[in-house]
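Mind the numbering: the sequence shown is residues 364 to 467 in the working numbering, read in order.
Please note: incorrect hints may appear among the correct ones.
Said to hold, decoys possible - Ranges of calculated distance between the beta carbons of each label pair, as one might list FRET restraints: (1) Glu447 x Asn395: 15 to 23 angstroms; (2) Lys446 x Arg398: 27 to 35 angstroms; (3) Glu447 x Gly382: 15 to 23 angstroms; (4) Lys378 x Ala454: 29 to 37 angstroms.
What the hints assert, rightly or not - In silico lysine-lysine, PhoX-like type, Cα no more than 25 angstroms apart, as pairs: (5) Lys465 x Lys381; (6) Lys381 x Lys371; (7) Lys378 x Lys392; (8) Lys446 x Lys465; (9) Lys465 x Lys371.
To be clear, the hints were calculated from the coordinates, so they are not data collected in a lab.
Values in this document were obtained by computation on a predicted structure and should not be read as measured data.
Glycine included, each C-beta is placed from N, C-alpha and C at the ideal position.
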Amino acid sequence: MKNDFTRKVLTIVGKIPKGKLMTYAEVAKSANSPRAYRAVGSILNRNFHQHERQLPIKDFPPVPCHRVIRSNGIVGGYALGQKEKEKILTAEGHTIVSHKIKLN
Numbered sequence: 364m365k366n367d368f369t370r371k372v373l374t375i376v377g378k379i380p381k382g383k384l385m386t387y388a389e390v391a392k393s394a395n396s397p398r399a400y401r402a403v404g405s406i407l408n409r410n411f412h413q414h415e416r417q418l419p420i421k422d423f424p425p426v427p428c429h430r431v432i433r434s435n436g437i438v439g440g441y442a443l444g445q446k447e448k449e450k451i452l453t454a455e456g457h458t459i460v461s462h463k464i465k466l467n
């Protein structure tokens, strides 16, 4: 594992239950680094490639990084593409309009 922050981020995101979401900023804050939301995005971007053994994340199973969105409600990036992320989130019960999560 590269560092403690990476471990914290993956642990936090790994605990997001189906049907729930967190923002990159919320994950960073939960990891005790509230200004590190961009670093959270970088860590989660590498999550998908874990099976290729390109990362120091091999100690962790893939985490549900699709459940992390931008603070403004926009779905955000995903290694398999934004459409795939939206498809997964819709299947988990979220409503998406113009790439944005419709919050109840």
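Hints versus structure:
no.: 1; hint: Glu447 x Asn395: 15 to 23 angstroms; in the structure: 31 angstroms, violated
no.: 2; hint: Lys446 x Arg398: 27 to 35 angstroms; in the structure: 30 angstroms, holds
no.: 3; hint: Glu447 x Gly382: 15 to 23 angstroms; in the structure: 18 angstroms, holds
no.: 4; hint: Lys378 x Ala454: 29 to 37 angstroms; in the structure: 20 angstroms, violated
no.: 5; hint: Lys465 x Lys381; in the structure: 16 angstroms, holds
no.: 6; hint: Lys381 x Lys371; in the structure: 19 angstroms, holds
no.: 7; hint: Lys378 x Lys392; in the structure: 15 angstroms, holds
no.: 8; hint: Lys446 x Lys465; in the structure: 16 angstroms, holds
no.: 9; hint: Lys465 x Lys371; in the structure: 28 angstroms, violated
Against the hints set out earlier in the document, violations occur for numbers 1, 4 and 9.
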